[in-house]
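Undergrad: Okay, here's what each chain looks like letter by letter:
Number of protein chains: 2
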Amino acid sequence: MKEPLDFIYKEQKELSTFGGIAALLGWDQMTYMPPMGASDRSEQTALISRLSHEKVISDKLWKHIENLSKSKNFENLPPKDKAVVTRLKKDVEKARMIPSSFVERMVKTTTLAYPAWQEAREKSNFKIFIPYLEKIVELEKEYCGYINLPGPRYNTLVDDYEEGMTVDKLKKEFKYLKTQIIDILEKIKTSRLFKKQHEIDLKFPIEKQREICNIVIETMLLPKDKSRIDMSTHPFTTSMGYNDVRITTNYERKNPLFSFFSTAHEAGHALYELGVPRDEFKYTVISDSPSLGLHESQSRFWENMICRSKHFWNYFYPIFKRKSPDQLKDLDIDIWYRYVNSVKPSFIRVEADELTYCLHVILRFELENSLIDDKIKVSELPEIWNNKMDEILGIIPKNDKDGVLQDMHWSGGNFGYFPTYAIGSIYSSQLFKKLTDENPSILSNIEKGDFRNIIIWLRENVHKYGRMMTADEIIKNACGEGLNAKVFVNYLKNKYYNLYDI
Amino acid sequence: MKEPLDFIYKEQKELSTFGGIAALLGWDQMTYMPPMGASDRSEQTALISRLSHEKVISDKLWKHIENLSKSKNFENLPPKDKAVVTRLKKDVEKARMIPSSFVERMVKTTTLAYPAWQEAREKSNFKIFIPYLEKIVELEKEYCGYINLPGPRYNTLVDDYEEGMTVDKLKKEFKYLKTQIIDILEKIKTSRLFKKQHEIDLKFPIEKQREICNIVIETMLLPKDKSRIDMSTHPFTTSMGYNDVRITTNYERKNPLFSFFSTAHEAGHALYELGVPRDEFKYTVISDSPSLGLHESQSRFWENMICRSKHFWNYFYPIFKRKSPDQLKDLDIDIWYRYVNSVKPSFIRVEADELTYCLHVILRFELENSLIDDKIKVSELPEIWNNKMDEILGIIPKNDKDGVLQDMHWSGGNFGYFPTYAIGSIYSSQLFKKLTDENPSILSNIEKGDFRNIIIWLRENVHKYGRMMTADEIIKNACGEGLNAKVFVNYLKNKYYNLYDI
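For the record, the sequence lines run as chains A and B. Note that this note's numbering numbers the first sequence so that position 354 is 363, with each residue one more than the last. Note that this note's numbering numbers the second sequence so that position 278 is 287, with each residue one more than the last.
In case anyone wonders, no lab produced these hints; they're calculated from the structure. Be aware that one or more of the hints could be misleading.
Because identical chains share one entry, a pair is satisfied inside a single copy or across any pair of copies.
Below, a list of computed lysine-lysine pairs in the DSS-like style, where the Cα atoms sit at most 30 Å apart [unchecked claim]:
# : residue 1 : residue 2
1 : Lys72     : Lys263
2 : Lys144    : Lys198
3 : Lys198    : Lys81
4 : Lys22     : Lys64
5 : Lys235    : Lys19
With the hints as constraints, model all of the structure from the sequences given.
TA: In structure tokens, the structure reads:
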């Protein structure tokens, strides 16, 4: 009993150490690496990933896991040990179902597909990307065959990012969400205030944006000795270690609110990572988040529920103004709050407003599901994309760059990832409702820029479980029910009817 | 024949990839890592170092090397393959002589000794460091026992950093160098110009220092797509890959010339790393430098021979002035050149002037040799240190912090490292003499800030060999003779007699 458990913990520690190294290799590549370093970096990343994979699928580890979980004394293990072994067993079992030759083919294909996608996007020519994407879709289907979860094929891919989630559940929630958002959007579009919506051409020097982002992470109590913020093309959060969680942003986009909101978003991810009980769960499979959707709920919580709220801007607008150019000097907070939340159907997901964001995600969910289910062909994607954009947002992208080619996910073979963005949005509204129902004083805390109680509540209700439970179990435990788009829709209605005087 | 060679190259590639990963882990720790990341970082570094060590000492690799180098066809291999196998054999043979338990004891001891040294230095209390240093000296002697090169015990330690170098050779060169430098120093001290030496209290904002350092590396043609400069407490150069060589400097010391000269110094190291024929030697043991002394010859070459020369300042002073505060506005270039090269006996090695620098190094060489040879005891070090400082520089440090505790090398078990600093200084003068003898137009190139011909010459005469030859062979090949302190002394006499009008 002692020996296999020791071995399992030893192996997990090494896997976790490999994970930290891989995170550093990736972070450096996106932030500071000189361009010519890319070739050696890919060798380094491939080596760590191979060593890590060999460890996960090793027969010795599997034998120990099997013996331990079948042994009579398994039930007498402390809950943490039991959870660790159970989780690990599931992960290892899945990894062992995939032939190594498949993993290699997938890596090779995506390694070539990424630059092809870049070129296609640059030239706004989907045709360049078609043969690569076709291969990837075939590989995704092959992958589903190895794991073979019940129900539609796409279930297997969704489950990889959101354990226990199914296409049927998502279809139901997303259908409702889509109809409701389109309905709200229609009401907004015909509103008096939509027509006289304020446009501000904000011009912030990068240095000022940087100062504001530093204030944001300080206000959000991200510990300086365990975190830092750097710049990359696309913002992200990554953990090099249990006490080293870094975020990035981008100060170079036209709109300075991009760096502001992406910093709040990534800081939300980082607070979650740092909120998992480090000493207890360290170096085990349960020190992670159980799902990407739950992770996204934390980032969306801070980005939307907090940082796009009126209460927040009552506190933060004077600070923001102080760092801003003269244009904001005489601008009233009400106009500013409306501006920050202005709804405007647009082509690019990552630049979408809070209301229409999920429509972008649902579009991708529908396309992925149809592709994996052989209902549509890769070559048909641009046309279907544009039709769907017209249907949901009433706009059609002028080219594929601003349409079907905008996201990198498919080039990396990350099918099943997109839905987690909408799941996170829904979860975040459920958590916010529960938090404020239980603690009405939270709203005045936000007005004072005091987020301690919020962080304590999130730790207590989400972070502290790590991967001891699934996302569904954690949300049910915290909010009394699982994924429920109604809560999100109510939140949206309240907010936007008020904003647009509907 | 084919198979063992393929295996040997495959293993070297992985070792080299581990090396790049370890370099990134170290670089990040010294530049950007949040303080609390240290504990996980040490796990990551230890894991990579263990995997790397296991690979080096594996029986399979050794068997292949032995079989190949004993086989009849070995002599018919292309020169590069032969060099690779011969070098690797030497490295692996040495590594296999050291018991793994010894490596573990050494790591444990130095891991504890480093913070002990830091504390001792902070409190300026050598006693705190004594037990740790005693243990390290014992381990160094034990190490010498395993390798057991002929002659004095210290030979083994010197050879680790400077293959083929011996205590006897160093004693001879260093004795001469020491006497001569002390003699030059005495002459300077009694000179008219020494007494009216200019003191300038330069105050540069960090931003201006950064701009100057960026100009330095641009002028030195360090390629931007393969390199970058960041900030760390102690300046260093490190290679994450064959096309990713980074340097650091420190802008926070009182003297802005510190960041200037350390940048030139580290850029010299980086040019060397990038100058080894990448495509040919990539991922093999011969892509390295053969010795630390030769590496240091490249950094000292740029720092001293070039960037402390009158020709260089004729070009660079106007640029430097433009970035500097008003104090330099009316300062004549001759006074500036004297100031940049002013001789002033001081306590701290890394802040020493070009003339007295080697005295600091020779002091450490003498102490290390005596310690390893059981001639003196660790507890006697402060007293002997201070006596020697009085003897060579005529000054005695007021405390151990500015004396025996100033360098971190001993806490890391790096005995035998110090001499390479003086070897590098000597080599750099030999290379500079040869270069300018062969190409008198180089001096006017320097005056124009055009360093292309210098870099080409260094590539052709030093860089291109990688580790195909020893440092001694490369210097003999380039300069017609091996290590010769006389050339350095002549250079110093020429320079300083002129500067001090002696």
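Undergrad: Against this structure, judge whether each hint is valid.
TA: Now for the hints, and whether the structure bears them out:
Taking the shortest Cα distances, Lys72 and Lys263 never come within 30 Å of each other, neither inside one copy (55 Å) nor across copies (61 Å). For the homomeric pair Lys144 and Lys198, neither the shortest alpha-carbon distance inside one copy (41 Å) nor that between copies (78 Å) is at most 30 Å. When the C-alpha separation of Lys198 and Lys81 is checked against a cutoff of 30 Å, the pair qualifies neither within a copy, at 64 Å, nor between copies, at 85 Å. Taking the shortest alpha-carbon separations for Lys22 and Lys64, both the intra-copy value of 11 Å and the inter-copy value of 21 Å come in at or below 30 Å.
In this assembly of identical chains, the alpha carbons of Lys235 and Lys19 lie at most 30 Å apart only when taken from the same copy (25 Å versus 38 Å across copies).
Violation of the numbered hints given earlier is confined to hints 1, 2 and 3; the remaining hints are satisfied by the structure.
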